[in-house]
Amino acid sequence: MFLPSVLAASSFVEVRPGLIFWTIVTFVIVLLVLRAKAWGPILSLVEEREKQISNAIESAKRERAEAEKLLADQKTAIAEARREAAETTRRVQADMEKFRDELMAKSRKEAEELKLSARREIEDQKAKAIAEVRSMAVDLAMEVAGKLINERMDDAKHRALAEQFVQGLPGATSATATRRSA
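Numbering (UniProt numbering), first residue to last: 1 to 182.
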């Protein structure tokens, strides 16, 4: 029982030159067939894959460079937009300040014109009132003088006649009352 396994083990260790020769010949034939039929297509596939990877790397480098350029352009554009916005804001503020100053000057001018116009109106009304009072005084004096000429009166009659005349004037009642209280 132990003997056949020993014999089988010895056949593996035994050197057979014919088997070695035919194994080498078979290996060389398989190698030539594989080289002719499989090695070329495998190498061409590997080379094509290598080219695709190389192209993908180059494309990625180009796209990265382009992206970096676009990023730099965008940063420049953003900085320019911020600068323009700041400049526009500054101009708008300056325009608003100028407009406010112009509006204030115009308002002051209009207020001054209204003030002068009101003063002129007051002076005109004052002059009219003085002229009217003078006219009324002249009329009163002429009427009193006319009555005095027609009739000789004493001082008490003269006063009573003047007060009667003044009370007959419109708005003279309050002026007479003011004069009497003073």
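No lab work stands behind these hints, which were simulated from the structure alone. A quick note: this is a predicted structure, and the numbers were derived from the prediction, not measured. Wrong hints could be hidden among the right ones.
Think about it this way: if two alpha-carbon atoms lie no more than 30 angstroms apart in a straight line, the pair counts; the simulated DSS-like pairs of lysine-lysine are [as the list claims (entries may be wrong)]:
hint : residue 1 : residue 2
1    : 115       : 98
2    : 51        : 69
3    : 51        : 37
4    : 115       : 126
5    : 128       : 98
6    : 109       : 98
7    : 75        : 51
8    : 157       : 147
9    : 75        : 61
10   : 128       : 147
11   : 128       : 115
12   : 51        : 61
Simulated DEER-style distance windows between Cβ atoms [what the hints assert, rightly or not]:
hint : residue 1 : residue 2 : range
13   : 70        : 31        : 49 to 57 angstroms
14   : 37        : 70        : 48 to 56 angstroms
15   : 113       : 92        : 27 to 35 angstroms
16   : 53        : 75        : 26 to 34 angstroms
17   : 70        : 110       : 29 to 37 angstroms
18   : 110       : 71        : 54 to 62 angstroms
19   : 41        : 75        : 47 to 55 angstroms
20   : 108       : 147       : 55 to 63 angstroms
21   : 60        : 14        : 31 to 39 angstroms
From the three backbone atoms N, C-alpha and C, an ideal C-beta is built for every residue, glycine too.
Hint check:
1. For a cut-off of 30 angstroms, the pair hint linking residue 115 to residue 98 stands: about 25 angstroms separates their Cα positions.
2. At roughly 26 angstroms between alpha-carbon atoms, residue 51 and residue 69 fall within 30 angstroms of each other, so this suggested pair holds.
3. Note on residue 51 and residue 37: the hinted pairing holds, with a Cα-Cα distance of about 22 angstroms set against a maximum of 30 angstroms.
4. Between residue 115 and residue 126 the alpha-carbon distance is near 16 angstroms, which keeps this suggested pair within the 30 angstroms criterion.
5. Our distance criterion of 30 angstroms between C-alpha atoms is broken by residue 128 and residue 98, whose separation comes to about 44 angstroms.
6. A C-alpha spacing of about 16 angstroms is found between residue 109 and residue 98, which places the hinted pair at or below 30 angstroms, so the restraint holds.
7. Straight-line distance between C-alpha atoms of residue 75 and residue 51 comes to about 35 angstroms, which puts the hinted pair past the 30 angstroms bound.
8. This hinted pair checks out: residue 157 and residue 147 have alpha carbons roughly 11 angstroms apart, not beyond 30 angstroms.
9. For the given pair, residue 75 sits about 21 angstroms from residue 61 by alpha-carbon distance, which is consistent with the 30 angstroms threshold.
10. With a C-alpha separation of about 28 angstroms, the suggested pair residue 128 and residue 147 falls inside the 30 angstroms cut-off, and the hint holds.
11. About 20 angstroms separates the Cα atoms of residue 128 and residue 115, which keeps this hinted pair within 30 angstroms; it holds.
12. A distance of roughly 15 angstroms separates the Cα atoms of residue 51 and residue 61; the hinted pair therefore holds under the 30 angstroms criterion.
13. Range check, residue 70 to residue 31: about 54 angstroms between beta-carbon atoms, so the 49 to 57 angstroms window is met.
14. Between residue 37 and residue 70, the C-beta spacing of about 50 angstroms keeps the proposed range 48 to 56 angstroms intact.
15. The hint said 27 to 35 angstroms for the Cβ distance between residue 113 and residue 92, and at roughly 31 angstroms that hint holds.
16. Our hint of 26 to 34 angstroms for residue 53 and residue 75 holds, since their Cβ atoms are close to 32 angstroms apart.
17. A hinted range of 29 to 37 angstroms for the beta carbons of residue 70 and residue 110 is inconsistent with their spacing of about 57 angstroms.
18. Restraint check, residue 110 to residue 71: a C-beta distance of roughly 57 angstroms satisfies the suggested window 54 to 62 angstroms.
19. At about 50 angstroms, the beta-carbon gap between residue 41 and residue 75 stays in the expected band of 47 to 55 angstroms.
20. The supplied range of 55 to 63 angstroms is met by residue 108 and residue 147, whose beta-carbon atoms lie about 58 angstroms from each other.
21. Checked against the hint of 31 to 39 angstroms, the C-beta distance between residue 60 and residue 14 comes to roughly 60 angstroms, which is inconsistent with it.
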